Amino acid sequence: MKFLSSLRPRSDEGDFEREAVQHLGALLAVATRMTRNSTEAEDLVQDTLVKAMRARGQFEAGTNMRAWLLRILTNTFINRYRRGGLERAILEGPDADPLADGWVSASTMSAMRDPESVALRPVLEAEIREALDELPEEFRLAVVLADVEELSYREISDIMGCPIGTVMSRLHRGRRLLKARLYEHALGMGIVGPEPVVGEAEEPVNLAAYRAKRGAAR
Amino acid sequence: MTVPCRRSAALLEPFTDGELPTDKVVEVETHLADCSCCRESVELNRALKASLKRAVTEESAPSDEFARRIQRALAAEGKREAARSERREAADRGRPLAWRFIVPVAAAAGATLAWGAFEQQNKPQADERVLTSMATSTPGVTASLDEMIDEFVSHHAESQTPDVVEPSLVRKLEPEVGVPVRVPSLQQYGLRWEGASVVPVRQLNQRAASLRYSFDGHRVTLYVYNSTQFPLRATLEPRVVRNMPVYVGSRRGYSIAAVEKRGVGYAVATDLDDRESAELVVASLH
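Protein sequence lines correspond, in order, to chains A and B.
Going by this note's numbering, the first residue of the first sequence is number 21, and it counts up by one from there.
Going by this note's numbering, the first residue of the second sequence is number 29, and it counts up by one from there.
Chain B extracted, bound-state conformation (with noise of 0.2 Å):
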């Protein structure tokens, strides 16, 4: 059976474009046997389809230094995404560690993300590059300091009414010590704010502020000191926590824990273990 033309022109691209089902293809077959104007119209189709992908990719064929940018931009991403999951990555870590410091502020979903942090926190650390250049700073052990580690504990064990409890009026607190003192926001690790004092360390014939806090029955005391007279990192232990060097040790059952940070140092002591003060103190710098 011959179609007429109109019918099987509508048809006669979609042939050309092998789009037609089966049926329909036997159908145009047939129908072009017979009509010489139709055969005609399926041939300059084809030739148009042939020229036009001949003229279109000769003319644009990709050079090789187009293929080098490609894959030095695909490179470059490659990287970029490389450094993103590692800064998402860093960001995790840098949650606080110690579960005690979480469960007061973090829901119940974040705290399978921190106890991978935990754990993989509790490994031996790779930052080698830290702990090379906190081993090269030791200087000699003096005796003072080891005192002044004692005047920080005792201090911390009594309990005494702080000087000052207003926390805007702690920094008055700075021409005493000789180093700016402010009062960290330590609340989101469930800690209580308690007032502030001046401790003098007789030995040295220096004073340091003290921070106290409380936490869950657990006194917490922050020392700001002049850290360039007390170097404390001669006698406490190096390690490093959030990419940051921490010095910790432990007297009389205590744990302190120190940082330094553009020459005032910072000392937590708690009787807490070592870790959560360490963990602290980095804290107490953010």
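Next up, chain A with everything else stripped away, as it sits in the complex (with noise of 0.2 Å):
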């Protein structure tokens, strides 16, 4: 026995345990969002825990754990929910619209931030998981993984598998829904006023259409 067992090294185990354990909330962040259901989030990273302790061998060491963890997850999630890959991005139209952010003025901008901290208003934090969850998988995907794991575009773009520009893509058109749905919210709170979207090619991001082409494409 000694014999056989002297050629599959497995004292790794307890070290890699620990390790991945550390990341538990990492994992578990992202695979709520993905899921959007706690239950389900918590089975997602059992089974992708489970699925990383068997392909342990496969980690290069030295490399972001967390960042292999979440390319595991990543595609236990697709294979689990979307068989055909994560959703098209439904936004159909150029991806070629101009990255401009100016689409409201600085002072509706600077409304929306609270003076206190580096954060939105309170009164926009609340809304915030909710316009998370509202975006396509893939520009959700993306900016959780930029803004809540603080990843970098090369490690984006290994986990989701696309070329970097790609990723920034997401991110900006993520970014963006994200931005006028809280300015919608701020709208109706009336935190800001109502301006004209400024910059001639600039597309008022229209969410109630961008909503409409979803549903129509499900």
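It is worth saying that the hints were derived from the structure and are not from the lab.
Hints may be right or wrong, so weigh each one.
Think about it this way: if two alpha-carbon atoms lie no more than 30 Å apart in a straight line, the pair counts; the simulated DSS-like pairs of lysine-lysine are [stated by the list, open to error]:
id, chain 1, residue 1, chain 2, residue 2
1, B, K81, B, K52
2, A, K71, B, K107
3, A, K71, B, K81
4, B, K200, B, K289
Source: prediction; values computed, not measured.
The task is to assemble the complex, starting from two chains supplied on their own in separate frames and drawing on the hints.
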């Protein structure tokens, strides 16, 4: 028995468990946003960690374990919930829409922030999860990986299996939709006033039209 | 130099994300100093980032209960892994051990592994559970059992024409012997089938079936008999081969190895060494 088991090192088992469990919070945060269901999120995290443990021989020591675990989580999510891959970005039309952020005036943008901290106004913060959950999965995943997990574009492109340019485009479009949603909310709350959209090429982000399209695509 | 808003706008998000190279960072910072709209845009991006992080992490902090569940799941997976590798090792051990039985069937690639199993098999066996059960079931030694072993060995030493050559007819010996008789497939170990006979064991007024094979110029005889009548284990030495209790001994230069299964005894007589005989008798059960 000694002879054969010496061929298979398994001393790393406990080390792996200890390190992997440190990323439990990150995995659960991403899983919750992707499944939008806490029970499914916990199942997804458990499956991810069990898979990772089986595949731990493939993990390259010294690289980012959190990013590696998130890649397994993403693939597990896609395989389980989206047999055909992440839902295609539904926003038809040119990805070449101007990257300009000048969708509202500087004063409106300022009004949406909390002057006390680097954050949105508390009333907008309350909306943020809901706004995030309405994003198409590809955008939502990119935003969560970049803004919540603070991964690099390179790491996100590895996890999502797409080029860095695509990551940037998904991030931009996801954030733009989020901001548009929060702006609508701020408008409803009377925090900001209505204003004409500036920039000649800039289409106003029309969330109602987007939702209608999204509903039609399902 | 101030860059136009449209150009810098494409850089604002990567700037907020810390993804710009140094020269571009300088370019953006220079522009921000002059452009309140882009400055506000960066501030809003930062606010959004910070709020997103807080909203998402606060909501889904793992509970202690969930952390324990994950630890249990990983521990269970660790056990399953250990069990899987145990099974693989057991399967490796399950190969025929004596090299002379391996060579005809196994390619050179398998030989190293089998050799490892062989080496390890020769060490004292740790399966004490099996050995203990063997030791406790030893009844009194009787002279007649020795006689039976002698009968087997004598019969083995003789070169007789078998009664039955056709393997499918061997089961017809069952009424004579009193237990089911079938021809185990031992070709994979390089054994060639020769034929079967009935052996009277006069002292005990019983009969056994003898199945004869040849192997590389050696004669191999497998006896099948009613083991409740002939508890060979009373006179032979217990040993564990592939987790099976085997009773091994030698007479007149022949080795004899016996196993019992569901009241049927199987004994092999050969002029090979006793380890090989033990291997063969276990192989004949599978």
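These are the hints, each one checked on the structure:
1. B:K81 - B:K52: holds (26 Å)
2. A:K71 - B:K107: Roughly 14 Å between the alpha carbons, so the hint for K71 of chain A and K107 of chain B holds.
3. A:K71 - B:K81: The given pair, whose Cα atoms are some 27 Å apart, holds under the 30 Å limit.
4. B:K200 - B:K289: holds (20 Å)
When the structure is compared with the earlier hints, no violation turns up for any of them.
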